[in-house]
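J.: Sequence:
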Amino acid sequence: MNDDKLLQTLKLSLRVDGDEDDEILKRNISAAKSYVIGAIGYDDGIMTGFYELADIKDQFEMVVIAIASSYYTYRSAIVGNAVSEVDLVSYSIIGQLRGKYIDLEQRGGVNGSKN
2 MNDDKLLQTL KLSLRVDGDE DDEILKRNIS AAKSYVIGAI GYDDGIMTGF
52 YELADIKDQF EMVVIAIASS YYTYRSAIVG NAVSEVDLVS YSIIGQLRGK
102 YIDLEQRGGV NGSKN
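Per this note's numbering, the very first residue in the sequence shown carries number 2; after that it's consecutive.
What the hints contain is simulated information worked out from the structure, not anything from laboratory work.
One or more of the hints may lead you astray.
What the hints assert, rightly or not - Straight-line Cα separation of at most 25 Å, DSS-like style, residue types lysine-lysine; simulated pairs: (1) 58 - 6; (2) 34 - 101; (3) 27 - 6; (4) 101 - 58; (5) 34 - 6; (6) 58 - 27; (7) 58 - 34; (8) 34 - 12; (9) 58 - 12; (10) 12 - 27.
All chains, please: the whole structure from these sequences, using the hints.
T.: Set out below in structure tokens:
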């Protein structure tokens, strides 16, 4: 999913109409992607294309949307317990993706051959 589709999905998820907050939402998507990729592993070397794999892509996009939604909804420095529910789901998905990343990396990467 490209960034424009991620933005539209995020807006739909948040029930945000109009484009007044698009820049904020785009930054939230960018920050969420960076966070998730940093937590799982980088899309380079033998792992180039990892986040585009059919069995990875949907989970990656879902966790990016969940985290970006959380960034948008809870913009203040003090947050309530509601964030932890999203974080538990996000951490669970990140854990699953991290396991798949490590497994695939150990088996030779996305294309099956170590450089």
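J.: Each of the hints needs a verdict: does it hold here or not?
T.: Each hint, compared with the structure:
{"no.": "1", "hint": "58 - 6", "result": "holds (13 Å)"}
{"no.": "2", "hint": "34 - 101", "result": "holds (17 Å)"}
{"no.": "3", "hint": "27 - 6", "result": "holds (11 Å)"}
{"no.": "4", "hint": "101 - 58", "result": "holds (12 Å)"}
{"no.": "5", "hint": "34 - 6", "result": "holds (14 Å)"}
{"no.": "6", "hint": "58 - 27", "result": "holds (19 Å)"}
{"no.": "7", "hint": "58 - 34", "result": "holds (12 Å)"}
{"no.": "8", "hint": "34 - 12", "result": "holds (16 Å)"}
{"no.": "9", "hint": "58 - 12", "result": "holds (19 Å)"}
{"no.": "10", "hint": "12 - 27", "result": "holds (10 Å)"}
The structure meets every hint from the earlier list without exception.
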